[in-house]
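S.K.: The lines below spell out each chain.
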Amino acid sequence: MTDAIEKDPLKSAPGSKQGRAASKFRLTPVGWVGITIVGFWILVALFGPLVAPHAESDVLSNRSFAPIGEVGRLGTDYLGRDVFSRILYGARMTMGLALITTLLSFTMGSTLGFMAAVLGGWTDNVMSRVNDAVMAFPSIILGLMVITALGSSLPIVVLTVAVIDATRVFRLARALAMDVSVMDFVDVARARGEGVWWITLREILPNTMSPLAAEFGIRFTYAILFIAALSFLGLGVQPPAADWGVMVRENRLGISFGATSALLPAAAIASLTVGVNLIVDWYLRCVGGQSAEDMLK
Amino acid sequence: MNALLDIKDLWVEGRPPGGYYVPIVKGISLSVNPGEVLAIIGESGSGKTTTALAALGYARPGCRIASGEINLGDTEVTALTHEQRRDLRGNQVAYVAQSAAAAFNPALRIGDQVTESSRIHGTMPQTQAQALAADLYRRLDLPDPENIGRRYPHQVSGGQLQRLMAAMALSSQPQLLVLDEPTTALDVTTQIEVLTAFKDIIRDRNTAAIYVTHDLSVVAQVADRILVMLGGEIVEQGDTEDILHRPQHDYTKTLMAAVRPPPRMTASQDDVQAVDAAGRAQPVLEVTDLTAGYGRVLKTVVLRDVNMSVERGQVVGIIGESGCGKSTLARVMAGLLPQMTGTVLHNGVALAPAARNRAKDDLRRMQIVFQMPDVALNPTHRVRDLLGRPLQYFLGLNGDARDKRISELLEMVELPADFASRFPAELSGGQKQRVNLARALGPEPDIILCDEVTSALDTVVGAAIIKLLKELESRLGIANVFISHDLSTVASFADRIVVLYAGKVVEQGSTLDVLSPPFHPYTNLLLSSVPELRTGWLEDVMQTREAISGMTGQVKLTDVGCPFVNRCPLAIKGVCDTEPPPKRAPSPGFEIHCHRDVSDLDTTRAVH
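From first to last, the protein sequence lines are chains A and B.
Under my numbering, think of the first position of the first sequence as 1, with each following residue one higher.
Under my numbering, think of the first position of the second sequence as 1, with each following residue one higher.
Everything labelled a hint here was simulated from the structure, so no lab data went into it.
Glycine is no exception: its CB is placed at the ideal position from the N, C-alpha and C atoms.
Simulated restraints on C-beta separations: (1) B:P338 / A:W198: 18 to 24 Å; (2) B:G62 / A:I218: 27 to 33 Å; (3) B:P379 / A:G120: 19 to 25 Å.
The following residues of chain A were derived to be distant from chain B, with all beta-carbon distances above 12 Å: (4) G31; (5) V51; (6) D58; (7) L112; (8) V126; (9) S128; (10) D132; (11) F137; (12) P138; (13) I141; (14) L144; (15) V146; (16) E215; (17) Y222.
The whole structure should be built from the sequences, with the hints applied where relevant.
M.R.: Now the structure itself:
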């Protein structure tokens, strides 16, 4: 009797959700485009230096800002180096650094943020205030200070950028976990005597994946730009190594002459950003979360 | 007389996300005359709210009015444009929703929100609208009618807010009022005030009303006619008296059967004696001198000096109005909220205040079931994982042994075994609550704490859960602390009852003792506030002094004197407001905390 009466025409549409669960990660056009773009850049990062016609530091001609087709395939930069080769070399550096940085900042930020929310009390207070203090510094100045003090090797740059980014992730992760940790199912786990790790990983993390994934897409882009900014100040990627962000900064003066050598690496960054965010959107759709597009509606 | 609202062959369709439109309301026809109250009853999913909203020309997101005629006076609502309908809603029809707290903007003053519709539609100058609103406040018996409009929503009580929402709806002088379960979220004592206010104003204004509810006892008080819905269709309609006393359709009879009997003496003498005989053993759970509250620095004390105990296999009901500390008590027992002072004893051993410091076996033996089935189950876990984790954690079950136990548990709560692979979103409210229960039963506890487990469910579904609980309790011999604000539910199966008021125990004893004289004045108020399934009950009860004095004051948390003093018809000035009430024990295991002598309390029931 109870079953017949509890049926709700809207909720019990037969198998609607179960059917979806089976083919959960079906590729949509959005997913296809995203994976194609990012896959292309991954291939470039892996094999780019092998097919590059020149080394990243070779000076091809004494013409700075040569237009596309005249010297090299995509012209030359402010020192007369081959833009095409430098973009191929730069893919590895740019994507590698950004990926490692973002992964690091997410691991640190979300772990600490979740812990602050779950433990609460003084632990949360101390962690949050320390985080606020770090956030209070303009990130570029803080980065400058730390890197100047510790030396500008790539591991230190990556770590510094990751820690600074992690403060933003901490904020988000803590706020998300606070929302989830007041849910009764978390209390059920607490009443069962479950430890902090179990509650964090099994009860809270799965319920915060959608916003965290969306944040990942944005943070990835910021990491590229942040590293480029540090490089520009002479503290990040050291010349003559190629990095897209560095290339944009180096060649920005050429924009006023109509040179494309700053626009091409910028376009590469843009396409990578779009690709990553398309994948994030596709993922959010698959797990039934809100995509950025839905949030705007 | 011409009907004010006339709906003919109405079809409303709804679409689940990503799915196709399915009919929710299937060809309904109804009419309402001016000054008439039509009640639509049925459980959630029966289409009663959808039908009522259609009378406003409104369909909820994901729904659409597919076909049919909705005539309001001379207007055919379905033919109107979006803007015209919106105009209609402010002026001729108005809606009162279930949760007033959610309907008010917390950042704006109440008065501005009440007069908003006349301001938006420009029907009258602001000063006139305010004067009208003040008049409405007065008629709805709101305190301080001249100034209450300057307050913010959080500065008034839940019952007052519900009446203010009625004022908001009535401010544009609508011809038709749609009330959607306006008292369901309220305590019985508050419900009386709100129902009385609604009834008076509908009569004075000659307004037509549609009253949507699943509570037949409430319907009996307000409705002229009743319409019973099931699965989007009308199964029966007729005059209130006819439906209540001579239901024709089987479903209406089921609904009538699900109405819990009035909470008077349902426990038979035999039950009580059996409990008394077994009751001398060591209690499975005991609470002594417990004080608890919230806040780290400025503590708000919610529970004061609570003493109670639960014998093996016994059901102890804890009742009281919302905010009296019932749920806090359960959280302290479960170790989710460490107490300030006092002890929680489990099988005679004092438990650590925090759950994480308690022994695993103690945790296993005491399980908690929460009120809201929607948030008590992690939406990202399948039923298999939800039920499996406690088995693995407490009993070390894995693999096939665990799967077998999960099937047993599902069978125990009358769910099919293949539900194990479902996510909570694929279950109805009642099914979720069954999974909740199964999770608590899994580790073979000797006591379960049930915190308002039926409050979020429909009457029929809730009754099925209670029936299941009763069966399991007698079969497995599990003790149960059953927390509820609904006296009828508690009375129907508790062995003992503890009455809480403002964080203090005011009366406790066997169900028989608590539900028969002598009563604590507060218990008396609660008992007389439960609606009875007969017309005219509301008018009768409003004559009693319990109801009148109960409506005057608000609950206050205090440790000076008796907390109930400002609502008590028997309060002794100079005593009750200064000294804590003494404990009186008319019989063993029965206590009343009151300054009045037991012989005084004995007679109070005879007042009306």
